[in-house]
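Asker: Sequence:
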Amino acid sequence: MDTAFFTLRLGYYKPYLPYLWGLLEEREPLRLFPTSQRAYQVRTIPYIRTRAPYTRVRFDQVSRRTQLLYAQHGQNFGNKGGLSFIYQRRTRLGEYLRQATDHYGLALRTFASYKGVSLSAWGGWNQLDDQINGGIVYRTSPWEAFGKERQAIRLPQGRTRTWYRFAAAELSISLPLSIGLLGKAAIDEERYHIETGKANVGESPFSPDTIPLSWQVRQTRTTLEAQILWRKAHLYVSSQEYSGVGEAFFQRKWFLPLLMIGGSWCGERVKIEGAYGRWTRKDLSPIYWGEVRGYPWHLEIGVAHQQQVAPWLGYQNLWEQKPIPIRLTQGWIGYRWRADSTCLPFQLRLRGMRIENLWLPTAPAPLFANIWMLSPEVEGEVAYRWAGIAMKLAFQQNLRRSSLPIAWRGVYPIWSGWIQPYVRWRLPGRVPLYQLGVRLAGFTPFTLLSYEPKMMLFYPTPGRSFNQPFHWRAEPYFVVLVRRVMVYLRVEHLTERIIAPGYYLSAWYPMPGRAFAFGVQWDIYN
6 MDTAFFTLRL GYYKPYLPYL WGLLEEREPL RLFPTSQRAY QVRTIPYIRT RAPYTRVRFD
66 QVSRRTQLLY AQHGQNFGNK GGLSFIYQRR TRLGEYLRQA TDHYGLALRT FASYKGVSLS
126 AWGGWNQLDD QINGGIVYRT SPWEAFGKER QAIRLPQGRT RTWYRFAAAE LSISLPLSIG
186 LLGKAAIDEE RYHIETGKAN VGESPFSPDT IPLSWQVRQT RTTLEAQILW RKAHLYVSSQ
246 EYSGVGEAFF QRKWFLPLLM IGGSWCGERV KIEGAYGRWT RKDLSPIYWG EVRGYPWHLE
306 IGVAHQQQVA PWLGYQNLWE QKPIPIRLTQ GWIGYRWRAD STCLPFQLRL RGMRIENLWL
366 PTAPAPLFAN IWMLSPEVEG EVAYRWAGIA MKLAFQQNLR RSSLPIAWRG VYPIWSGWIQ
426 PYVRWRLPGR VPLYQLGVRL AGFTPFTLLS YEPKMMLFYP TPGRSFNQPF HWRAEPYFVV
486 LVRRVMVYLR VEHLTERIIA PGYYLSAWYP MPGRAFAFGV QWDIYN
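Position in the sequence shown (from 1) plus 5 gives the number in the numbering used here.
Rather than coming from a laboratory, the hints here were simulated on the basis of the structure.
In silico lysine to aspartate or glutamate, DMTMM-like type, Cα no more than 25 Å apart, as pairs:
#1 K237 - E278
#2 K287 - E361
#3 K397 - E296
#4 K276 - E382
#5 K397 - E501
#6 K85 - E175
#7 K287 - E246
#8 K120 - E230
#9 K397 - E384
Could you build the full structure based on these sequences and the hints that come with them?
Answerer: Structure representation (structure tokens):
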């Protein structure tokens, strides 16, 4: 029973979290500015190889009129091929107080194989519509905003629309002597369209809110990749080109080619993998990552260096013609315990990281801060018979706090995460499996970053800082699993205004309070 998935808010992250919230992922592009919009997009579609047609349907409903409809289908045609299909839609997401949104996407994959040659093609389309100012702000200090007696200020609503489209194809050939060749071509496009409207409270450091702006940013990534698989070794070469243009706003263009070389080797007791990439532009540093995992001890050691390549970079620095990338360098060592089919793997990890070129707008030119952090992390699930506990906790300690600009010194919580104890049981002679639990989530105090919706940037505001005090909340849930049907009930932020007040993750964007939710997931197959 996937307890962690079903007790999240609709199983997804918030759309615009400050970048230092939560756990950064290695080998993934930095989830920065905005962090988690991708969580609402269909970005890939798996193979569904099954002898009989398979369908999964999921529906969620929350008292804030939040809805989720998700459908996934797989169909094979004998041994020669098949297709996979995904459709999802979220309406009135409500991640911020009185925020209206509409997110939907779909993807289709087809594949065929004949005598050692296989061909696969897939594509997808997404559209995300969001209110750009969260719908409502208050004159009071941020943590008092949930007092219903406070006077609220309703601003004219602008909207941001995001499109993401992708298409790809693969050709695989199996040769004698256990050699496999794989060629891949892919193209994807992201487009942001900001409609005219006031964006936020006060004066933006990037552009006055009273100026009616309506503009678009478009970025396209083209990928060509060749792979060789030979016994336990895997080697690939990838060429990527990022090209973009800003329309009706500064008219900036960029073209960033990237060449990547990577591979892996897997033995009986150890697995080694990594990659290295070079940009053609000299002011962009190389990208690399590497990891070593030992078996059966499940010990892992790794290092990575990444930088964000996203459409908003074309507008990150209004004083320069070239975007300045945000970079992350990190190393980690961890240990992972095995898990059975009813649990998530449990792991401990010690991570050191350096985040470079964080934005601090000042006049006449911006400043850039670098943060050094040491972060022990624990994540996973432990269960025995009728009880268990799942958790995801992170401790983040800045190693050079005194060297940072004052505005950046407290912009992340030292402790953050959640713990989820639960019990599960079956009645004698009964099929259903029941589970009752509660998620306890929270974080220690930190300074809220302001958010600029037009630029999709989080930034500190010198001389105007807002503090989010210590916060924790309880979210109980009840799940019933009947064969292939799962039904659950959940109360979000049960403790709001009882023990813990409302909370913020960025300034002027109050998170929604208490809500009641239910959902059902049904796996249909013959």
